[in-house]
Amino acid sequence: MHHKVVVVGGNRIPFAKAGGPYAQASNHDMLTAALDGLVARTGLSGSRVGEVAGGAVLKHPNDFNLTREAVLSSALSPLTPACDLQQACATGLETTMYIANKIALGQLDSGIAAGVDSASDAPITVSDPLRRILLEASRARSAKQRIAAFAKIRPSHLAPLAPRVAEPRTGLSMGEHQALTTTRWGITREAQDELAAASHHRLAEAWDRGFFDDLVTPYLRVAKDALLRPDTSVERLAALKPAFGGPDGTMTAGNSTALSDGAAATLLATEEWAAEHHLTPWARIVDAEVAAVDHPAGEDLLLAPVGATGRLLARQGLTVDDIDLFEIHEAFASTVLATLEAWQDEDYCRDLGLDGAIGTLDRARLNVAGSSLAVGHPFAATGARIVPTLAKLLHERGPGSRGLISVCAAGGQGVVAILEAV
Amino acid sequence: MPAAVERPVERLDGLPAMGASFARALVPSRKGEARVPSHAVRVEGVRQDLDRLAEYSRVCGYTLRNAVPATWIHVLTFPLHVSLLGDRRSSVRLVGAVHASNSMTMHRAVATAEALDLEVHAEGLRPHARGAMLDLVGTASVDGETVWEGVSTYLVAGMRVPGEPAPVEREPFDPQPPLALWRLAPDLGRRYRRVSQDPNPIHTNRVAAKAFGFARPIIHGMWTHAHALAALEGRHGESYSAHVAFVKPVLLPSTVGFRATAHAEGLDAAVTTRDGSKPHLLMSVRRAS
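Chains as they are written, first to last, in the numbering used here: chain A, 2 to 423; chain B, 54 to 342.
It should be emphasised that the hints constitute simulated quantities derived from the structure, not laboratory data.
Be aware that one or more of the hints could be misleading.
Cβ-to-Cβ under 10 Å is the rule here; a few derived chain A residues that face chain B [as the list claims (entries may be wrong)]:
hint	residue
1	Ala24
2	Gln25
3	Ser27
4	Asp37
5	Ser74
6	Leu77
7	Pro219
8	Ala224
Just so we're clear, the structure is a prediction, and the values are computed from it rather than from any experiment.
Note that beta-carbon positions come from the ideal geometry of N, C-alpha and C, so glycine has one too.
Can you make the complete structure from the sequences, with help from the hints?
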């Protein structure tokens, strides 16, 4: 990279369970709130930022320019361009890399990466046969043709369709896929519940010490992540019934992420731009890597980041021991645990084309301020939540501290990035 | 602002239901001398209904934010307008009174979580060439701090106030092509009625509209104001003043023009006929000090 790209701030609204306090808020509303909080905190009101990249996984057709429209509603200058990107649950990390790469190439000197999702305000569409009939009717050149088209409508066509969280090629939901991975890697219920409890406790500690005071802005009467259960425990989580993997399954509502609503944004810039705007750089973006697995052929849907992690560390000449903090997105507790198992599995890593096992992680360095199980996971927002969180954590540890972000995504994909404190 | 006047305050336990007081307010003004109550009506600790705010925002075109729009607080004070003019001591009735202009100031951002103390009184009863004019002055406060002020000026045709009417100042208007077109659907009056809880039938019913001299129902002036302000959201800062003159009602359904210009003092906007030749509403927005 030619120019050093630094993370100089971040803002999100508290995340909340779908159908909860943000049930009436749209992606546009939440993304605007996240942007305006960031603009207020960084003193950019009325300023033209180089570019804003955002996105949502569950998106209404009318929102084709979601991010640009949110910019126009925000306090940013209307001369700020914006685009929408989508990379499933890794959207917020992919928008970060899109902006970072442009800054690195000298095309921008500042930009905002963002993501938003509302599982409450999900788009509902008409069935495919009905959609085709309506299109045919709109193309009709005579009343007779139009009537002929409408005559094809059957009662079964009229049921509205909500978006499905299932993989198109396997028909399995993400939870069902992860249940296969959980069994394959022998991840126990107890280990999953321990990880989930730790996520809540660490998020609660981070809130208590004021860590999120300059990372979160209240929204619609919610001041703190609404899914957070500071008093949860392994014992309480052990009482929950399995949600995936049948009656003997180990995955529950407690150790799986809830459908969530929220938005997050992070401000990236060159060091010079940050200095001109009197903003403190927290960490620089070092590098990133994407990867995919062949899940239709039976590979673990959510373990694509393993290959990306191995290749990225090798390219940077780093090992697990050179990384101070790890942020592995908690799609499910068992996703994180299977990822860690895979990292230390010599054969698995060699099959991915790596030179050998990635290494063994000291869990004290993992998700130290909590992660998606406790915060919630509005799909596209998660990456844009993690980037400023990790950047600030690294900044607290001092210059040279390194962190790695690993985010799995639908379609058997994953994005991994390395940050280093400046 | 005129000097503060000590006036009796009638405290209400909650915002009055619109049914009974509106029924009284519906009785048209009798011709004769205009009288308005000298007391203020006040209701404390009004919690904002988030579902209603969300629906209000969708109908008016606002982004649902943590800071609420000035026009939303006007809507919250509206039952107090109705209650005040529904009082026996008032010879002026709200129905038949024409909302001529409106001024509001947001002194600071008001969050959705804040409970508001709302107060409304009438003042400035004065003669007008076509009858009488008066101001309904509202405030919203939080812990004694005034966060919002609104002045709604009404013209009551045919009523008398002693004295000579002051010359009417016309707001300047420069015909120009609109920058945007608003296509207003026939059910807009119904949708805005639900969120504003203003049941005046001239906004929803053709017969009622005809009775008041309109060919079709007209959209609420405060919707037009809100939609114009929504078009400028993000541009006016957290504390601002908005002044509008309601020049000519907008019939439903219809297509109207909109344009806005920014300059050193603030933002000026106009809702016009489709071709931009005649104004429906003129608005100016200024940063509040």
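Results of checking the hints against the structure:
1. At its closest, the beta carbon of alanine 24 of chain A sits 8 Å from a beta carbon of chain B; the interface hint therefore holds under the 10 Å criterion.
2. Interface hint status for glutamine 25 of chain A: upheld, as the beta-carbon distance to the closest one in chain B is roughly 3 Å, under 10 Å.
3. The beta carbon of serine 27 of chain A comes within 7 Å of a beta carbon in chain B, closer than 10 Å, and the hint placing it at the interface holds.
4. This hint holds: aspartate 37 of chain A has a C-beta 7 Å from the nearest C-beta of chain B, less than the 10 Å allowed.
5. Satisfaction of the interface hint for serine 74 of chain A is found here, the shortest Cβ-Cβ separation to chain B being roughly 5 Å, below the 10 Å cut-off.
6. Here the hint on leucine 77 of chain A is kept, as its CB sits about 8 Å from the closest CB of chain B, short of 10 Å.
7. Among the interface hints, the one on proline 219 of chain A holds; its C-beta lies about 6 Å from the nearest C-beta in chain B, closer than the 10 Å criterion.
8. The interface hint given for alanine 224 of chain A is met, as the beta carbon of that residue sits about 8 Å from the closest beta carbon of chain B, less than 10 Å.
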